[in-house]
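Residue-level listing of the chains:
Number of protein chains: 2
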Amino acid sequence: METLRIYFNKFIKLNDSEWNDFENCLTKVNITNKEQILRQGEHCNFIAFIHEGSFRFYYDKDGVEKITAFNFKGDFVSNYRSFLTGKPSDHFIEAMQDAVIYKINLQELNSLYDKHKNIERLGRLIAENLYLMVASRLDSFMFQTPEERYKALIERNSRLLQEVPQYMIASYLGVKPETLSRIRGRK
Amino acid sequence: METLRIYFNKFIKLNDSEWNDFENCLTKVNITNKEQILRQGEHCNFIAFIHEGSFRFYYDKDGVEKITAFNFKGDFVSNYRSFLTGKPSDHFIEAMQDAVIYKINLQELNSLYDKHKNIERLGRLIAENLYLMVASRLDSFMFQTPEERYKALIERNSRLLQEVPQYMIASYLGVKPETLSRIRGRK
DNA sequence: ATGATTTATTGACTTTGGTCAACGACTTTT
DNA sequence: AAAAGTCGTTGACCAAAGTCAATAAATCAT
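Just so you know, the sequences run in chain order D and Z. The first sequence: position 57 = 57 (this note's numbering), numbered continuously. The second sequence: position 48 = 48 (this note's numbering), numbered continuously.
Worth flagging that the hints you see were computed from the coordinates, not collected in a lab. Be careful, since some hints might not be right.
No copy labels: a pair is met if it fits in one copy or bridges any two.
Capping the alpha-carbon separation at 35 Å, the derived lysine-lysine pairs in DSBU-like fashion look like this [what the hints assert, rightly or not]:
1) LYS115 <-> LYS66
2) LYS73 <-> LYS176
3) LYS61 <-> LYS13
4) LYS103 <-> LYS176
5) LYS34 <-> LYS61
6) LYS61 <-> LYS117
Could you build the full structure based on these sequences and the hints that come with them?
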């Protein structure tokens, strides 16, 4: 999992001993398109690194799916809340393509935290980073109109629009598909 | 600062050596009502523990203040984003009463992280906790109506309604004061 | 290729929150 | 006590997103 080690380097460099212990905790899993790697009601006891493929993170509100996040190659995927709190997940995580992920489970990660100060630090830096991401998404919901969110999204990740159907983008932006269609029609 | 040590105990118990080093980094500061402890454009290089008093965390959008958070006795107060990224704050932090806070700055905290694995862990647990708080606030903006947010707020923190003027509650809920007044008028 | 299903667009109408203005109840200042 | 300012409420109107329905376009299965 060299790509994961490179990803970690953005936060902190692990030495070979730390990295080997980490790598030994990873389990490679092949996932087929539309497979659910987490269901509502289950405890999410893993964090997974996406080697190949993509996922959507959504919950079902009266039969309508509300998409909270998309995760792509090179991202982590997990219900971090359920992972941290031990509470059942309110979200599903479903593959949008065939995928390959590397999972690490809660118990093993906690052992690594105990054993290596640098991995403990990595955990802190990643938690801080996740905080920043969700805080900026909160800002976009508090202070931007749906149109502004849409424009910011295509600015930031135009690839998303090609890869994901529009009704999912709408859900992610917090509007109905009809509304997104009308937003796109403006200008 | 025994109350802070007790607060930390929810996350992890520090031994006396760890705690003493921590306590030595704290600076007590007296704040008067309406004093700003952080301004837009400044780098927030501190995290403060509120011993007495309360603060609001807001930013100024074209002369209108948008309140992102309230912080009370027993909470931390900081622009955590600015603190973590080193970027200038887009928010103000202003006292709503006379207050007493204990500040720790970025450099000192990083030294403590280096020196004590348990404090590094405390930093992780606090970052994880902040993640959970902002994630749940994001959910409330994505999936609830203003009325539902208002009801959840009075459910969770009815004290807030007594202590804070209604137009600030409205701002925190993401609506205009007139709208909050009408929401309250329903039923 | 054909038919079936899914996805995107458009129109008419409704709902909800925003805007602007007026007003009354309190506070604060002088 | 009077004047000025602040805060919350109410009314009339507006703008934006939701709802429901019809239809067009794209995709999938056979």
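For this structure, which hints from the list above don't hold up?
Violated hints: 1, 3 and 6; rest satisfied.
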